[in-house]
Amino acid sequence: MDRKAKLDVVSAKLQHDIWKKTGIYSTIGMSNANPLLAKLALDNEAKRTPTMRANWSYEDVETKVWSIPHLTDFWGIGSRTEKRLHKLGITSIKELANSNPDRLKKEFGKVGLQLWFHANGVDESNVHQPYKPKSHGLGNSQVLPRDYVKQRDIEIVLSEMAEQVAIRMRREHQKATIVSIFVTYSKTEMKQPINAQMKIEPTNHTRLLTDTVLTLFRKKYTSGAVRGIAVNYSGFVDESYALISLFDDIEATEKEEKLQQTIDHIRDQFGFLAVQKGTALLDSSRNIARSKLIGGHSAGGLEGLQ
Numbered sequence: 001m002d003r004k005a006k007l008d009v010v011s012a013k014l015q016h017d018i019w020k021k022t023g024i025y026s027t028i029g030m031s032n033a034n035p036l037l038a039k040l041a042l043d044n045e046a047k048r049t050p051t052m053r054a055n056w057s058y059e060d061v062e063t064k065v066w067s068i069p070h071l072t073d074f075w076g077i078g079s080r081t082e083k084r085l086h087k088l089g090i091t092s093i094k095e096l097a098n099s100n101p102d103r104l105k106k107e108f109g110k111v112g113l114q115l116w117f118h119a120n121g122v123d124e125s126n127v128h129q130p131y132k133p134k135s136h137g138l139g140n141s142q143v144l145p146r147d148y149v150k151q152r153d154i155e156i157v158l159s160e161m162a163e164q165v166a167i168r169m170r171r172e173h174q175k176a177t178i179v180s181i182f183v184t185y186s187k188t189e190m191k192q193p194i195n196a197q198m199k200i201e202p203t204n205h206t207r208l209l210t211d212t213v214l215t216l217f218r219k220k221y222t223s224g225a226v227r228g229i230a231v232n233y234s235g236f237v238d239e240s241y242a243l244i245s246l247f248d249d250i251e252a253t254e255k256e257e258k259l260q261q262t263i264d265h266i267r268d269q270f271g272f273l274a275v276q277k278g279t280a281l282l283d284s285s286r287n288i289a290r291s292k293l294i295g296g297h298s299a300g301g302l303e304g305l306q
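Mapping the sequence shown onto UniProt numbering, position 23 (from 1) lands on 23, and the numbers just tick up by one.
It should be emphasised that the hints constitute simulated quantities derived from the structure, not laboratory data. Just to be clear, a hint being listed does not mean it is correct.
Unchecked claim - Within a straight-line C-alpha distance of at most 25 Å, the following computed DMTMM-like cross-link-like pairs (lysine to aspartate or glutamate) qualify:
hint : residue 1 : residue 2
1    : 199       : 172
2    : 110       : 82
3    : 106       : 82
4    : 87        : 62
5    : 191       : 147
6    : 219       : 189
7    : 6         : 17
8    : 187       : 62
9    : 4         : 239
10   : 4         : 238
To be verified - Here are the simulated distance ranges between beta carbons:
hint : residue 1 : residue 2 : range
11   : 67        : 219       : 23 to 31 Å
12   : 268       : 222       : 36 to 44 Å
13   : 72        : 51        : 21 to 29 Å
14   : 51        : 171       : 35 to 43 Å
15   : 48        : 14        : 17 to 25 Å
16   : 268       : 12        : 41 to 49 Å
17   : 87        : 20        : 45 to 53 Å
18   : 84        : 19        : 40 to 48 Å
19   : 16        : 240       : 33 to 41 Å
20   : 67        : 1         : 22 to 30 Å
21   : 59        : 151       : 20 to 28 Å
Ideal placement from N, C-alpha and C gives every residue a C-beta, glycine not left out.
Make a model of the complete structure from these sequences and hints.
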């Protein structure tokens, strides 16, 4: 049974328990991806299904999220925001998702970027306080300062973000089993965003996670100018969990872990920029610029850069 099926079983039991105790029939929106998609599933599909349950994932963004009939049916968009979007020529969620994020930021400020990411199914809500679930997602996202055309430049930023989120995950003593990326093209490109996800063996190793992020990107990307990037890890298990194969080089793995711990310790003491790769000096790198942002980026956490 996959994670989606397991979540449906749990939700069905929850519905039954609510009905048994209160006599009330409940409606449930679900998502193995993020809270936003669960909320949208609740508002736009669950109420009309025989089971009164619906589960939306990243794969449903183009077919379901973008098909929401009215802007005001979308979470966070009221009548006033709808009118302002209409003035920009945006009349649907699909148009919002494929609009220029810089233009939205200019019109709405931080909220504009949030609307753009939400329209593309990306959400980084902090839902682990005061209740902290055993499994949640961690991610970073950013709108690039210019169009990135060269694949090598795009991969430099993807690698940096993969590392940043890995640092945050290690601070929470977790390992991820799911890696997701979301890449949007420049307004000059007539292409759909890249939305990809992969299940992996539990890990919090920067190298392994970065390799997975780049593998996902290379499978989908052919060409085109990129403007927005998001990296997310989820399906967490405790860092003590490990799967060991007879073919694993245990000694090499332990050395890599010790090196990683040493780098984390140095950064905790002296800051993220204390240890950097040579690529951080390239024009395409965003590490130094983002580390200087006060309070973090409006569309993504910078905890890994502190």
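A quick look at each hint next to the structure:
no. : hint                   : verdict
1   : 199 to 172             : holds (20 Å)
2   : 110 to 82              : holds (16 Å)
3   : 106 to 82              : holds (16 Å)
4   : 87 to 62               : holds (24 Å)
5   : 191 to 147             : holds (14 Å)
6   : 219 to 189             : holds (19 Å)
7   : 6 to 17                : holds (17 Å)
8   : 187 to 62              : holds (17 Å)
9   : 4 to 239               : holds (23 Å)
10  : 4 to 238               : holds (21 Å)
11  : 67 to 219: 23 to 31 Å  : holds (26 Å)
12  : 268 to 222: 36 to 44 Å : holds (40 Å)
13  : 72 to 51: 21 to 29 Å   : holds (26 Å)
14  : 51 to 171: 35 to 43 Å  : holds (39 Å)
15  : 48 to 14: 17 to 25 Å   : holds (19 Å)
16  : 268 to 12: 41 to 49 Å  : holds (44 Å)
17  : 87 to 20: 45 to 53 Å   : holds (50 Å)
18  : 84 to 19: 40 to 48 Å   : holds (42 Å)
19  : 16 to 240: 33 to 41 Å  : holds (34 Å)
20  : 67 to 1: 22 to 30 Å    : holds (28 Å)
21  : 59 to 151: 20 to 28 Å  : holds (24 Å)
Comparing the model with each numbered hint stated earlier shows that all of them hold.
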